[in-house]
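Colleague: Start from chain A and add chain B according to the hints.
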Amino acid sequence: MKSAVVQLPGLNRDRDMIAAITKISGTAPVTIWQTETEIPDVDLIVIPGGFSYGDYLRCGAIAARMPVMQAIKAKAEAGVKVLGVCNGFQILVEAGLLPGALMRNASLKFVCKEIKLEVVNAETDFTRAYSKGQIIRCPVAHHDGNYFADEETLKSIEGNGQVLFRYAEGTNPNGSINDIAGLINAKGNILGMMPHPENLIEAGHGGSDGRGLIASALEVIAA
Amino acid sequence: MINARVTVTLKNGVLDPQGKAIEGALGALGFDGIGHVRQGKVFDIQIETADRAKAEADLKAMCEKLLANTVIENYTISLA
Numbered sequence: 019m020k021s022a023v024v025q026l027p028g029l030n031r032d033r034d035m036i037a038a039i040t041k042i043s044g045t046a047p048v049t050i051w052q053t054e055t056e057i058p059d060v061d062l063i064v065i066p067g068g069f070s071y072g073d074y075l076r077c078g079a080i081a082a083r084m085p086v087m088q089a090i091k092a093k094a095e096a097g098v099k100v101l102g103v104c105n106g107f108q109i110l111v112e113a114g115l116l117p118g119a120l121m122r123n124a125s126l127k128f129v130c131k132e133i134k135l136e137v138v139n140a141e142t143d144f145t146r147a148y149s150k151g152q153i154i155r156c157p158v159a160h161h162d163g164n165y166f167a168d169e170e171t172l173k174s175i176e177g178n179g180q181v182l183f184r185y186a187e188g189t190n191p192n193g194s195i196n197d198i199a200g201l202i203n204a205k206g207n208i209l210g211m212m213p214h215p216e217n218l219i220e221a222g223h224g225g226s227d228g229r230g231l232i233a234s235a236l237e238v239i240a241a
Numbered sequence: 009m010i011n012a013r014v015t016v017t018l019k020n021g022v023l024d025p026q027g028k029a030i031e032g033a034l035g036a037l038g039f040d041g042i043g044h045v046r047q048g049k050v051f052d053i054q055i056e057t058a059d060r061a062k063a064e065a066d067l068k069a070m071c072e073k074l075l076a077n078t079v080i081e082n083y084t085i086s087l088a
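As given, the protein sequences belong to chains A and B, one line each in that order.
For the first sequence, counting from 1, position 133 maps to 151 in the working numbering; every step adds exactly one.
For the second sequence, counting from 1, position 45 maps to 53 in the working numbering; every step adds exactly one.
Extracted from the complex, chain A is given alone in its bound form (with noise of 0.2 Å):
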């Protein structure tokens, strides 16, 4: 299983990414850099968090708009898996590669703590080591990771089993509407989400409960 973490100016997650993906695969990832717009031949492609572009005018609004964000969505309409975390997630639904956006925090303030999240949907590439209905521990890091989708959206991507991750135990620290913190696309490719699972792995960590949707999604057995 070959992968790819995306670097682009002002993310600032893709060395634990990096990190992570090497740790849990025994393989690194090969980098993407804003510029390139051919992607190497891999299987999963990470887009990481951090703040893109300074996260001006919106977050994840101008790497959205980026060349090499067209040859990414090219390889996720081929089936290549795409993983967007924070900020990547915020650059996917920008992108329009997953439905509705993420707005500012309720609280208006930045949150930065752990919090507890709820497996929805089991049955994916990227969340097969977990069983569905458990809860797992799982930090986050963000000012706008308020998801919001209008209703008739929100009743496909409900119906459709593509909020694989919700926040649980009365821990969501954004106002997200209906406690989402993680959809798929409908294909089942591409998945964006708020909680940094690259920094829940090892014991170093206080825990590894985000190992196994890493591992999931490189096809690798969770240790």
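These aren't lab readings, by the way, just hints derived from the structure by calculation.
Keep in mind it's a predicted model, so treat the numbers as computed, not measured.
Among the clues, some could well be false.
[What the hints assert, rightly or not] Cβ pair distances, simulated, as ranges:
| no. | chain 1 | residue 1 | chain 2 | residue 2 | range |
| --- | --- | --- | --- | --- | --- |
| 1 | A | Ser149 | B | Gly35 | 47 to 57 Å |
| 2 | A | Pro58 | B | Asn11 | 44 to 54 Å |
| 3 | A | Asn178 | B | Gly38 | 42 to 52 Å |
| 4 | B | Ile42 | A | Thr45 | 21 to 31 Å |
| 5 | B | Ala36 | A | Ala46 | 47 to 57 Å |
| 6 | A | Pro58 | B | Arg13 | 39 to 49 Å |
| 7 | B | Ala88 | A | Thr45 | 55 to 65 Å |
| 8 | A | Phe128 | B | Val22 | 17 to 27 Å |
| 9 | A | Arg146 | B | Thr78 | 51 to 61 Å |
| 10 | B | Gly38 | A | Thr40 | 56 to 66 Å |
| 11 | A | Gly72 | B | Val22 | 21 to 31 Å |
We put the CB at the ideal spot given by N, CA and C, even for glycine.
Modeller: Below, chain B alone, put in the same frame as chain A:
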């Protein structure tokens, strides 16, 4: 040269926590009778052309492609 102004506002029904905070702050400053407050963005854009129809069409494309997120935002265009 055409001076254009694009105004981007949140659609009705989209929660606006920033507008709510501003609404509260105005009340706290002692302004009476403040109803709902919704905040938005303004872009002043200069375009080097005399062709107003083309400028308007270009501005519309700019809004659709970048300036507004039409999932949650509306936009209006005015030419000076």
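Colleague: A separate judgement is required for each hint: does it hold in the structure or not?
Modeller: Cross-check of the supplied hints:
For the pair serine 149 (chain A) and glycine 35 (chain B), the beta carbons lie near 49 Å from each other, so the given range of 47 to 57 Å is met. Look at proline 58 (chain A) against asparagine 11 (chain B): about 45 Å separates their beta carbons, and that is inside 44 to 54 Å. Against the hinted window of 42 to 52 Å, the Cβ-Cβ separation of asparagine 178 (chain A) and glycine 38 (chain B) comes to about 50 Å, which satisfies the hint. For isoleucine 42 (chain B) paired with threonine 45 (chain A), a C-beta distance near 58 Å fails the hint of 21 to 31 Å.
Hint check: alanine 36 (chain B) to alanine 46 (chain A), Cβ distance near 53 Å, so the stated range 47 to 57 Å holds. Between proline 58 (chain A) and arginine 13 (chain B) the beta carbon distance is about 44 Å. The supplied range of 39 to 49 Å therefore holds. Remark: the range hint 55 to 65 Å for alanine 88 (chain B) to threonine 45 (chain A) is upheld by a beta-carbon distance near 58 Å. Hint check: phenylalanine 128 (chain A) to valine 22 (chain B), Cβ distance near 21 Å, so the stated range 17 to 27 Å holds.
Take arginine 146 (chain A) and threonine 78 (chain B): their Cβ atoms lie about 35 Å apart, and the range 51 to 61 Å is violated. For glycine 38 (chain B) and threonine 40 (chain A), the Cβ-Cβ distance of about 58 Å falls inside the hinted range of 56 to 66 Å, so the restraint holds. Distance hint for glycine 72 (chain A) and valine 22 (chain B): a CB-CB separation of about 24 Å, consistent with the stated range 21 to 31 Å.
Violated hints, listed in ascending order, are 4 and 9; each of the other numbered hints is respected by the structure.
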